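K.L.:
Spelled out, the chains give:
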Amino acid sequence: MNKAVINSIFLPLFFLLVVFPVIALVINLDVQGIQATMADAFFWISVRNTVIAAALAALLGLVVAIGFSYYYLFYQDSIIYRIANLFNDLPIALPHTVAGLALLLAFGRKTCGFLGETGAAFTLLAVVLAMFFVSYSLAARTLVSGVDQMEKEVVDVARTLGDNTAQAYFRVVLPMMGEAIFSGFILGFSRSVSEFAAVIMFGGNLPGSTQVLASYVFTKVEVGDLDMAVTAAVFCVLLSLVIVSVLSFRRVRHA
Amino acid sequence: MKKYLALCLVVLLALGMVGIVGCNSGDKPPVSQEGNQAADDSQQYKGQKLTLFVAAGMKKPMDEIIAGFQAKTGAVVSVNYGPSGGLYAQIDQGQPCDLYYSADWIYIDKVEQAEKLEKSRKFLKDNVVLAVSDTGAAKVNNINDLTKPDVSLVLADPQAPVGVYAENALRALKVWDKLGDNIKARPTTVNQVAIMVKEDQVDAGLLFSSVARGNELKVVETIDEKDSGEIVFGCAAIKGGKSELAAAFMDYASENVNVFEKYGWKAYE
Amino acid sequence: MLKVQGISKSYNRERVLENVSLEVSPEIKALIGLNGSGKSTLLKIIAGIVPLDQGKVWLGDEEVTRQPPEKRNVGYVPQNPALFQHLTVDENIRYGLRNGRGTENVVQEMVELMDLKEVLHKKPSELSGGYKSRTCLARALVPRPRVMLLDEPLNGMDAALKEKMLPEFRKVLKASGIPVLFVTHDVREAELVADSFAVIHDGQVHAVGGAEEAFHKMCTGSLGGE
Numbered sequence: 001m002n003k004a005v006i007n008s009i010f011l012p013l014f015f016l017l018v019v020f021p022v023i024a025l026v027i028n029l030d031v032q033g034i035q036a037t038m039a040d041a042f043f044w045i046s047v048r049n050t051v052i053a054a055a056l057a058a059l060l061g062l063v064v065a066i067g068f069s070y071y072y073l074f075y076q077d078s079i080i081y082r083i084a085n086l087f088n089d090l091p092i093a094l095p096h097t098v099a100g101l102a103l104l105l106a107f108g109r110k111t112c113g114f115l116g117e118t119g120a121a122f123t124l125l126a127v128v129l130a131m132f133f134v135s136y137s138l139a140a141r142t143l144v145s146g147v148d149q150m151e152k153e154v155v156d157v158a159r160t161l162g163d164n165t166a167q168a169y170f171r172v173v174l175p176m177m178g179e180a181i182f183s184g185f186i187l188g189f190s191r192s193v194s195e196f197a198a199v200i201m202f203g204g205n206l207p208g209s210t211q212v213l214a215s216y217v218f219t220k221v222e223v224g225d226l227d228m229a230v231t232a233a234v235f236c237v238l239l240s241l242v243i244v245s246v247l248s249f250r251r252v253r254h255a
Numbered sequence: 001m002k003k004y005l006a007l008c009l010v011v012l013l014a015l016g017m018v019g020i021v022g023c024n025s026g027d028k029p030p031v032s033q034e035g036n037q038a039a040d041d042s043q044q045y046k047g048q049k050l051t052l053f054v055a056a057g058m059k060k061p062m063d064e065i066i067a068g069f070q071a072k073t074g075a076v077v078s079v080n081y082g083p084s085g086g087l088y089a090q091i092d093q094g095q096p097c098d099l100y101y102s103a104d105w106i107y108i109d110k111v112e113q114a115e116k117l118e119k120s121r122k123f124l125k126d127n128v129v130l131a132v133s134d135t136g137a138a139k140v141n142n143i144n145d146l147t148k149p150d151v152s153l154v155l156a157d158p159q160a161p162v163g164v165y166a167e168n169a170l171r172a173l174k175v176w177d178k179l180g181d182n183i184k185a186r187p188t189t190v191n192q193v194a195i196m197v198k199e200d201q202v203d204a205g206l207l208f209s210s211v212a213r214g215n216e217l218k219v220v221e222t223i224d225e226k227d228s229g230e231i232v233f234g235c236a237a238i239k240g241g242k243s244e245l246a247a248a249f250m251d252y253a254s255e256n257v258n259v260f261e262k263y264g265w266k267a268y269e
Numbered sequence: 001m002l003k004v005q006g007i008s009k010s011y012n013r014e015r016v017l018e019n020v021s022l023e024v025s026p027e028i029k030a031l032i033g034l035n036g037s038g039k040s041t042l043l044k045i046i047a048g049i050v051p052l053d054q055g056k057v058w059l060g061d062e063e064v065t066r067q068p069p070e071k072r073n074v075g076y077v078p079q080n081p082a083l084f085q086h087l088t089v090d091e092n093i094r095y096g097l098r099n100g101r102g103t104e105n106v107v108q109e110m111v112e113l114m115d116l117k118e119v120l121h122k123k124p125s126e127l128s129g130g131y132k133s134r135t136c137l138a139r140a141l142v143p144r145p146r147v148m149l150l151d152e153p154l155n156g157m158d159a160a161l162k163e164k165m166l167p168e169f170r171k172v173l174k175a176s177g178i179p180v181l182f183v184t185h186d187v188r189e190a191e192l193v194a195d196s197f198a199v200i201h202d203g204q205v206h207a208v209g210g211a212e213e214a215f216h217k218m219c220t221g222s223l224g225g226e
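Same order as they appear, the protein sequences are chains A, B and C.
Under my numbering, residues 1 to 255 are what the first sequence spells out, in order.
Under my numbering, residues 1 to 269 are what the second sequence spells out, in order.
Under my numbering, residues 1 to 226 are what the third sequence spells out, in order.
Only chain A is shown next, with the shape it has when bound in the complex:
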């Protein structure tokens, strides 16, 4: 075994299966398609909605994940933790349309009629909730992993200095988990940006208000506007690349 062997297995697989499809997209860019897409107001609105909703969803995911890892760190024997742990990975296991349907039945007008004509459904809030639902697990896992990697003595010392578990958590644990918190946000954001089945079902997919970028691309494919679809898709790729670069940059800085 030497480096040449690893190279000859890893490199072809990586380039073929990961890089090449992206290149295929870029090669198929068409000037007219780009112009048409850039001029389409619905495109820009869907970009704006997607970014805002994904950021809010990721933030919400972080908040809940921070709560979850508090129980993970201090109260693993409690009922709260055990129940939460059981449900933690459930959203990821659900097919996305099912997740969307579940949210619709839970927060649609039959239960939340007081919120509006259609309950919480078919609003930007619904888009945020759907994105949160499918990306929360990632944030939780990241934070739990961050807690695992932390030196526990620090918490012990804080407690002997008078902190109760909550004080120790906010004053000492969270500040030291900066990396994990940031990763949790980025992962939640990326996952939210690429979600569409659950968002369509619960959010409504209305161009100009609740349509997200992923669905925009899909619609363009289906109605045959392939050029515009490719442009929007490449835009998605660029957005993801920016996100990933920011993540790597921060990692390097902290190394």
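Since the hints were made in silico from the structure, they are not lab data.
Be a bit skeptical, because a hint or two may be false.
Partner residues aside, some chain C positions facing chain A, computed with beta carbon under 8 Å [said to hold, decoys possible]:
no.	residue
1	GLU70
2	GLY75
3	ASN80
4	TYR95
5	ASN99
What you are looking at is a predicted structure, and each value in this text was computed from that prediction instead of being measured.
Backbone N, C-alpha and C fix where the C-beta goes; we use that ideal spot for every residue, glycine too.
Position chains B and C relative to chain A; hints supplied.
P.N.:
Then chains B and C, alone, in the frame of chain A:
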């Protein structure tokens, strides 16, 4: 030793992938054969495989037709259900297909323009209907009621043919501009529209008569085809495919159009 | 006065502490033991960080067995300095003040005593081993704890540095006037810092007369005529 192991891993991986590809391009086991008395002894297409693409909305009747055809001719049908547009895109990209059933004649035209058409046939007609939910029944009795404030409406997104026809109808009936923000959702498939109405998440929805009937929705108005556009479900045998077998299936389906009528379509006259 | 009685603890059915009883008056008592003898666990139990299976703990006249660590007011210096990385030395030392423990005067006193003036504004990652230990000790002493628990606080230091730091530590700890339980596997360390000695072996604690005896008992586990 480790080198050997790595090589084995790669070979296994490659074989696995070939296996998956092979499995997908083929052989679904034949659909069960109960319920068809007209089994012809001729079995003239025994062992031959027909690759069939069908718009998802036609699944229930089409499953019956496929079972009957397999029993009668001995052929094996491999069916791919999907959205009409998506299926067309696959055909356009060169996916092997012998026969294509579309929920919108516009895609059959596209097959022709792409010069992949062997033979086509207009098969079924459908209408866009206005269906209401339990709550909606009190508010909406016809299309014009959709312009009332506090009415929530759902129709499909343009990527589903029914979304295009529904929008056409609303424009032709001069209602589109008066809807305000009553359109609350435009999901990507007709089935999602049906679910939203059925679960009373909206007051009304515009969808195909066949789908509405299939979901037992209350229909308050049927849209005339002069307003929505003629909704023709058609089929196309693809050039380069098994044309004789495809033609045999087309004929079989047409002979048994009553199965489709049972599910809410009308035969194309 | 620190007193524990009948402490037993098991982890995963493995007995780590077996009926341990110990008393520490206002003095420095060294608890000598090899790694894995249960010494760190005993300290954590006294601090309240780890729950015990059986036994009781007294701080002064008060039984604290059921109290959570934040109520016990013990000073704990763990094996690795465990300084708060995101805070400066100054902020680390005065941490106890946030919970109403200790005063500004005490902080100044500690800074003087441990010679930390030069590094107050620095972050722990910028400190050398010697400064880290001193900061850790200062931080634990500021809240005026009832008892001091040190778990091999000079672990990882080279011998020369240890020889320099130990008398300093002893001076500061004696000045505080409280019971100190100082755990180590290094008999020499114990000699330099402690007033009395005990040995922990296989989860059991025995008092011993002097360092030599301690060393012998620690290695062989023989009880002799106790």
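K.L.:
Holds or violated: ASN99 (chain C) as interface residue toward chain A, Cβ cutoff 8 Å?
P.N.:
holds (3 Å)
K.L.:
Please verify that hint: TYR95 (chain C), Cβ, nearest Cβ of chain A, below 8 Å or not.
P.N.:
TYR95 (chain C) check passes; min Cβ-Cβ to chain A is 5 Å, inside 8 Å.
K.L.:
Is the interface hint for ASN80 (chain C) satisfied, with its Cβ closer than 8 Å to some Cβ of chain A?
P.N.:
holds (6 Å)
K.L.:
Given GLU70 (chain C) was flagged as interface, is its beta-carbon under 8 Å from a beta-carbon of chain A?
P.N.:
holds (5 Å)
K.L.:
Using the nearest Cβ pair, does GLY75 (chain C) come within less than 8 Å of chain A?
P.N.:
Result: holds, 7 Å to nearest chain A Cβ.
Comparing the model with each earlier hint shows no violations; every hint is respected.
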